[in-house]
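Protein chains: 2
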Amino acid sequence: MEYTIHLGDFEPFINAIKQGFIFTLTIGTTDVSLIPGITIAGAKPELTHFTPAADAEYLLLGKCRVINTVPMTPDGKPTPALITRAALRLINAGVLVVNAGSRVKPLIPHVDLQGEPGLDIIKSDALRRNVVERMVDNGLVLGENLGRSFRVLIIGESIPAGTTTAMAFLVAMGYDAWHKMSSASPTNPRELKISVVKRALERAGVSKALDDPILAVSKVGDPVIPAMASIAIGAARAESHVILAGGTQMGAVLAFIKAFDKSALSRLAIATTRWLINDKSADLVGLVKEIHPIPVVSSNLNFDDMPYEGLRAFEEGFVKEGVGAGGSLVAASIMGFDLGRVKMAILRDYEELLKTLRVQGM
Amino acid sequence: MEYTIHLGDFEPFINAIKQGFIFTLTIGTTDVSLIPGITIAGAKPELTHFTPAADAEYLLLGKCRVINTVPMTPDGKPTPALITRAALRLINAGVLVVNAGSRVKPLIPHVDLQGEPGLDIIKSDALRRNVVERMVDNGLVLGENLGRSFRVLIIGESIPAGTTTAMAFLVAMGYDAWHKMSSASPTNPRELKISVVKRALERAGVSKALDDPILAVSKVGDPVIPAMASIAIGAARAESHVILAGGTQMGAVLAFIKAFDKSALSRLAIATTRWLINDKSADLVGLVKEIHPIPVVSSNLNFDDMPYEGLRAFEEGFVKEGVGAGGSLVAASIMGFDLGRVKMAILRDYEELLKTLRVQGM
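Here the protein sequences come in this chain order: D and W.
If you're matching positions, the first sequence starts at 57 in this note's numbering and goes up one per residue.
If you're matching positions, the second sequence starts at 57 in this note's numbering and goes up one per residue.
These aren't lab readings, by the way, just hints derived from the structure by calculation.
What you were told as hints is all true, and nothing was included just to trick you.
Note: identical chains are not told apart, hence a pair may lie in one copy or across any two.
Simulated crosslink set (DSBU-like; lysine-lysine; CA at most 30 Å straight-line):
| hint | residue 1 | residue 2 |
| --- | --- | --- |
| 1 | 318 | 119 |
| 2 | 411 | 161 |
| 3 | 399 | 411 |
| 4 | 119 | 314 |
| 5 | 336 | 399 |
| 6 | 179 | 264 |
| 7 | 74 | 314 |
| 8 | 318 | 264 |
| 9 | 314 | 179 |
Keep in mind the model is a prediction, meaning the values are calculated, not measured.
Using the sequences and the hints, build the whole thing.
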């Protein structure tokens with residue numbers, strides 16, 4: 057089976073995808089990623105600020121510009137953008153990069169929502185309220201225009217430490233997200249995340265559930281949550297379907313949408329990977345059920361038989377999801393490219409990265 | 057008849073448009089617009105720098121942000137964006153704004169090609185060569201991604217004094233454009249334009265035809281020419297069709313494309329308005345024939361029976377074209393909205409502008 061449906065009726069999305077879609081990658085940073093041990097999406101904490109821009113560049117160009125190396129760890133674990141790029145190129149899908157608020161801007165054409173990078177929520181509010189409002193305003197306009205043009209929008213994300221800010225946002229909005237958030241590491245640093253979130257909520261003076269999602273983002277969120285949510289709402293208003301392509305962070309996006317404009321909910325689904333669903337330390341489906349039961353689907357891509365350790369590492373729980381990998385895989389399956397073929401394309405691209413690495417003598 | 061085909065086989069474009077398109081507005085400024093008398097696209101020369109951003113905002117929002125008034129002259133002649141917006145909303149088409157290089161940036165989501173505003177070509181080169189190269193590089197990537205997503209890209213422009221820089225670029229590339237360029241005014245300031253172009257070519261030391269379009273743009277062009285051309289080439293490489301929506305400036309875009317990548321030519325057409333074709337002081341069709349005979353089509357929208365002088369002024373040769381008005385009208389006709397219906401929508405939007413003007417007490 058190419059993909060598994062965990063919740064809801066995914067049929068309308070399948071039909072819509074066949075009629076044409078665009079893939080949007082929303083990037084941003086939060087200074088929470090500088091907290092040692094919170095994320096592995098970057099070789100050193102300060103390098104996590106380059107990851108979203110590098111992901112966007114790799115997705116569009118097959119190489120990075122803001123970093124002078126390949127987007128993988130020294131021991132060969134690649135960015136999930138490897139999967140996204142291979143899948144989207146097979147089905148010849150266009151990509152639009154949206155900068156929600158990234159410290160490092162990608163050196164490729166992209167839409168800027170006039171947001172700002174998120175600050176460390178332990179120390180200060182994440183974003184000023186007027187910045188979140190401006191981003192949401194821009195996201196709605198962008199989403200509406202993309203929604204007019206496409207039957208489906210697939211929206212992915214890249215923001216290191218995004219699961220921590222998503223947890224903080226969800227708890228601030230009154231959801232029990234403490235034990236449901238995933239991680240890019242096989243050993244989820246859950247206690248660290250919980251401690252960061254508790255300190256952030258205390259600093260922000262959030263002692264009971266907020267009902268204003270813009271306030272909650274500005275206090276303890278990150279720029280990607282309101283960006284994805286507002287683009288999705290805009291597209292839904294233009295009668296497009298929207299697939300939130302990501303892991304447990306999508307819970308935060310869903311919660312934002314529910315609080316901001318309930319009428320968009322019926323046009324939403326979440327697509328992710330098998331690796332994310334298999335994460336015993338997290339519970340995406342449970343989280344979605346708690347917020348609002350939209351369809352959840354996961355691609356069954358399996359790297360067990362890949363000839364490289366850096367790829368087989370996905371089966372041990374490394375990376376899992378990101379850059380809309382799961383959504384791109386599901387779209388490829390729907391467009392008639394089976395996972396065997398997608399895997400061949402991924403392998404070819406991975407070997408290109410290894411070749412570049414060798415040429416660079418790294 | 058809804059539109060007239062002046063040149064070539066437009067049939068493939070009709071079929072492609074029916075399968076879905078996106079409208080892209082490319083904006084930029086050139087300091088040539090500050091030369092008194094060269095353009096009427098702005099109440100005063102220095103205000104012409106606000107026109108492209110205001111056009112983009114009006115197109116997306118129905119109101120402007122960078123100017124605190126409505127986008128029309130004090131005596132009621134509106135921006136051609138009025139036509140574009142009415143036509144595109146009828147057919148529910150999405151809009152993507154691309155900033156090629158505008159002194160004033162629009163306060164709406166847009167893609168930035170990392171270009172720069174064009175300088176006054178009498179005094180200095182228009183753009184540094186590396187800036188043009190960067191824009192072209194970005195335009196190719198953007199065009200390729202949009203081309204993957206759509207069967208057709210319609211690309212419009214807004215750049216005051218753009219016909220003068222287009223004339224300079226065309227002459228620099230060896231074409232006889234001296235008496236073929238149109239104008240937004242009923243009395244084409246042709247002698248002024250010719251004198252500006254002659255002085256610019258002399259300053260730049262261009263005494264014989266250049267064959268490098270990037271060099272020609274950087275010497276005497278403007279940011280919109282390479283932006284439109286590179287987006288079009290990128291889209292054509294992704295096997296999309298491209299409609300250059302504009303007047304005689306499209307000759308410059310066509311010449312750039314021909315010099316940069318001939319293989320894109322077979323996927324190009326130009327769509328404009330009847331007003332532009334009727335301009336006795338210009339010759340778009342002759343210009344296109346001289347460069348490369350791609351299809352040219354014009355919408356037959358007529359404002360003779362409009363109940364406002366500001367709109368009837370189009371019949372006297374004011375405005376004529378801009379912001380992709382002609383291309384949007386042709387698309388609306390193809391999508392089954394006849395010109396009578398489009399006119400009703402334009403009239404309604406125009407009356408909204410008048411109402412706002414009255415509320416503002418201007």
